[in-house]
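**Q** Residue numbers (this note's numbering), protein chains in the order written: chain A, 15 to 574; chain B, 96 to 137.
Source of the hints: derived by calculation from the structure; they are not laboratory data. Each hint should be verified, as a subset may be incorrect.
Claimed, not checked - SDA-like cross-link-like pairs, simulated, lysine to any residue; straight-line CA separation at most 20 Å:
(1) A:228 to B:128
(2) B:134 to A:224
(3) B:134 to A:303
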Amino acid sequence: MSRPDWIVLVLTLLAMIAYGLYKGRTTRNLDGYFLANRSVPWYMVLLGIMGTQASAVTFLSAPGQAYTDGMRFVQYYFGLPLAMVVLCITFVPVFHRLKVYTAYEFLEQRFDLKTRTLTSFLFLLQRGLSTGISISAPSIILSSILGWDIVWTNIFMGGLLIIYTVTGGAKAVAYTQQLQLIIIFTGMFIAGYMVIHQLPAGVGLTEALHIGGKAGKLNIITTGINEKGFDWNDRYNLFSGIIGGFFLALSYFGTDQSQVGRYLTARSMGESRLGLLMNGLVKVPMQFLILLLGVLVFTFYQFNREPVFFNKSQVDLLEKSKYKDSLVQLEKAYEATEDLRIHTAAPTEAQVQEILKTKAGYRTTIKRWLNDKDVGGEDNDTNYIFLRFVMDYLPKGLIGLLIAVIFLAAWGSIAATLNSLSSCTIVDFHKRFSRPLTEEKEFRLSRIYTFFWGVFCVAVAQLAYNLGNSLIEAVNVLGSLFYGVILGIFLVAFYRKKVGGTAVFISAVITEAGVIVLNILSRKGIVSLSFLWFNVVGAIGVILISEVLQLLIKNNNKAA
Amino acid sequence: MDREEQEEASPLFKSWNTWYVLVIGCLLVLILFFYFLTKHFS
Chain A
15 MSRPDWIVLV LTLLAMIAYG LYKGRTTRNL DGYFLANRSV PWYMVLLGIM
65 GTQASAVTFL SAPGQAYTDG MRFVQYYFGL PLAMVVLCIT FVPVFHRLKV
115 YTAYEFLEQR FDLKTRTLTS FLFLLQRGLS TGISISAPSI ILSSILGWDI
165 VWTNIFMGGL LIIYTVTGGA KAVAYTQQLQ LIIIFTGMFI AGYMVIHQLP
215 AGVGLTEALH IGGKAGKLNI ITTGINEKGF DWNDRYNLFS GIIGGFFLAL
265 SYFGTDQSQV GRYLTARSMG ESRLGLLMNG LVKVPMQFLI LLLGVLVFTF
315 YQFNREPVFF NKSQVDLLEK SKYKDSLVQL EKAYEATEDL RIHTAAPTEA
365 QVQEILKTKA GYRTTIKRWL NDKDVGGEDN DTNYIFLRFV MDYLPKGLIG
415 LLIAVIFLAA WGSIAATLNS LSSCTIVDFH KRFSRPLTEE KEFRLSRIYT
465 FFWGVFCVAV AQLAYNLGNS LIEAVNVLGS LFYGVILGIF LVAFYRKKVG
515 GTAVFISAVI TEAGVIVLNI LSRKGIVSLS FLWFNVVGAI GVILISEVLQ
565 LLIKNNNKAA
Chain B
96 MDREEQEEAS PLFKSWNTWY VLVIGCLLVL ILFFYFLTKH FS
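Model the full assembly from the supplied sequences, consistent with the hints where possible.
**A** This is the structure in structure tokens:
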């Protein structure tokens, strides 16, 4: 990176820490630390919800995903607006009426202590691990592209935000998320403008869409139905998006404390509702625009030389391996193919297909070499596509801004999560199982727990360093293993009034074991089921099993 | 009107139900728009 890029990056990050410290300086008690004294207006609730959901991976992976797989990933978010409506009708009024700190407090009032403890524990487990992956994902990409040391990148990605999150709590998180999203959207809009600006004369947005469409990148709506019927293993289609996405979003926004904690900071129930509903209105278009950026980058590379492999560090790895000479020959042949493609005026369909086939062959060879045990490389470069374009084609200064965007996106999401992990640890465990604490001690312990979780997540990020493939999906799959069951517990709590704590607790344990087995069978190819459906299986499993168990318990009691 | 009812008041519309219909309606319009884009450009 050039000096102007470093200046922009460092100033942006320092300004964010200073702003967080300034805004959170008045926080002195538990209500202020976890709920910002319930004083936040709806638009900050909205930005908090969006900032918590959109991690760095969202902005890195999504354009790459559109580049390789097309825009069908947007369907993953179709269930979200429906979930927002259900949340506003059912979850929000209950949480506000009971004035809870965590969503799981409600479960003790409705069921019993063991159900609350189990659900809060599941949240801490999956959220702590997935936050580690959220830190590791962008760190691996940045360290790979910029040559930074992975340990330091992890510390900067997941560690610096601890300063203002520990000090200022929910208030600092809310205000920094507001500023972070403004910078993020500005950076992404400028990047989008720069892609269109660098297209050849006569090629505008409409032409770019036609080019992307012809290559199958505008597959925004897909049904997942083929000649054999509905493909349950197809990850992103209209049905899995609406049904699976609905269950996932309902669980994430209704039962994950990192999100519940955002709208509990609202100054009234109406402000919580408005923030959630606005999220339902803007989330799908926002994700569409981020994916569109990937299609625009794809169009750009139709007029410019596309790298044979977007992750340059892996090509460097091959240069030091036994494939060194073969790589030189392959790169020469690839460049000749690219020149032919770019300079052939009005190619026939047969010529285009031939060139694409040849290019695919070169990429397959590179991937085969990387998969060689002696090389030990990473054969998936989807997450590197957008950043490679940024590094190669954007002007000085703007590169620094877009690297800052990645850091800020990570910080917004991680800061909210650390605050929620800390709130569950102190409210659901420490306070619940220890002697009463003074207000000052509660506050001090909350800060210590926030710091502990920050260190824990950075350590997990370091452990996850060896995790490969598409990282965005790794995070989503991990969530889907637990979310369905947690949602099932809450749905029983809200809608099945006759089911008691013991029945729901046992059914949750059984269903969680079942979902984990299902995931193992799916990975081994024995069962064909995409991860989004785990949310549906988990939620419905808990509801049905708890109903049956409740009947058995009732009959047993009668017999006794 | 007590505090709870005041908090319940929906901004812009008479009731929250109108907001819910708006959110679901916008989703349907978006899906139709995306379907049109898919058909038109693919």
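**Q** Work down the list of hints and note, for each, if the structure agrees.
**A** Tested hints:
1. A:228 to B:128: Measuring from Cα to Cα gives roughly 18 Å; hence the hint holds.
2. B:134 to A:224: The given pair, whose Cα atoms are some 11 Å apart, holds under the 20 Å limit.
3. B:134 to A:303: It holds: about 18 Å lies between the C-alpha atoms, which stays within 20 Å.
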